[in-house]
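> Those sequence lines, one after another, are chains C and E. If you read the first sequence in our numbering, its first letter stands for residue 440, the second for the next number, and so on. If you read the second sequence in our numbering, its first letter stands for residue 1109, the second for the next number, and so on.
No lab work stands behind these hints: they were computed from the structure. Ideal placement from N, C-alpha and C gives every residue a C-beta, glycine not left out. Each hint can be trusted.
The calculated BS3-like cross-link candidates involving lysine-lysine, where the alpha carbons are at most 27 Å apart (straight line), are:
| hint | chain 1 | residue 1 | chain 2 | residue 2 |
| --- | --- | --- | --- | --- |
| 1 | E | 1111 | C | 496 |
| 2 | E | 1207 | C | 510 |
| 3 | E | 1111 | E | 1171 |
If you anchor each label on the Cβ, the simulated ranges turn out as follows:
| hint | chain 1 | residue 1 | chain 2 | residue 2 | range |
| --- | --- | --- | --- | --- | --- |
| 4 | C | 461 | E | 1135 | 34 to 40 Å |
| 5 | C | 466 | E | 1147 | 19 to 25 Å |
| 6 | E | 1147 | C | 453 | 30 to 36 Å |
| 7 | E | 1164 | C | 454 | 48 to 54 Å |
| 8 | C | 518 | E | 1122 | 47 to 53 Å |
| 9 | E | 1168 | C | 519 | 45 to 51 Å |
| 10 | E | 1139 | C | 461 | 28 to 34 Å |
| 11 | E | 1123 | C | 519 | 48 to 54 Å |
| 12 | C | 489 | E | 1137 | 20 to 26 Å |
Among chain E residues calculated to face chain C with C-beta under 10 Å, some are:
| hint | residue |
| --- | --- |
| 13 | 1116 |
| 14 | 1151 |
| 15 | 1197 |
| 16 | 1201 |
| 17 | 1204 |
| 18 | 1207 |
| 19 | 1209 |
| 20 | 1213 |
One letter stands for each residue in the lines below.
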Amino acid sequence: EAQVTQNPRYLITVTGKKLTVTCSQNMNHEYMSWYRQDPGLGLRQIYYSMNVEVTDKGDVPEGYKVSRKEKRNFPLILESPSPNQTSLYFCASRRGLIETQYFGPGTRLLVL
Amino acid sequence: SQKIEQNSEALNIQEGKTATLTCNYTNYSPAYLQWYRQDPGRGPVFLLLIRENEKEKRKERLKVTFDTTLKQSLFHITASQPADSATYLCALVGYNFNKFYFGSGTKLNVKP
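Take the sequences, apply the hints, and build the full model.
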């Protein structure tokens, strides 16, 4: 089944404790993105990747890092999480520039 | 900066009627626009894409229009059903084809 998977689905952590949210797609897609979703603010793009080793900032990149060492994986790294990064995070992928974007199931993060 | 507005109030309609959702934007010239459906606790699901040089797109009971002069897209669901109840998001994509800007969504309630 074609899908985008994220792990973990739920995470409670404390301020300053580094964490990684994994994202994997099995569709051989070139393009991948990370978003965060907050009430009243909608989905905001954090980072995106056009291919292996090619990444760029989205609208809200501060406090996040990404890497794309393999085509299928696009992990999101929070080096020193803060409470304002409490949010619902989505990973997404698409095959080409003007193509359907497929979203993962989301990771709900709470930073205390 | 760009601004995307969707009606934050829920739209309540009777089963069988046509639902019309609005997406307005300012300070932006998108290359294309997408509409997504999002159910509670799930990732958005792609519905339709319309390019800036297209006026209208249809898919089964769904229709989207795009007026770049008015800076507005309308999303229609004809013969609506209770199963269409969800939040609908619009997303604008610029000419770099990698940055996505989402509205905060409109919740649609279809009553039997």
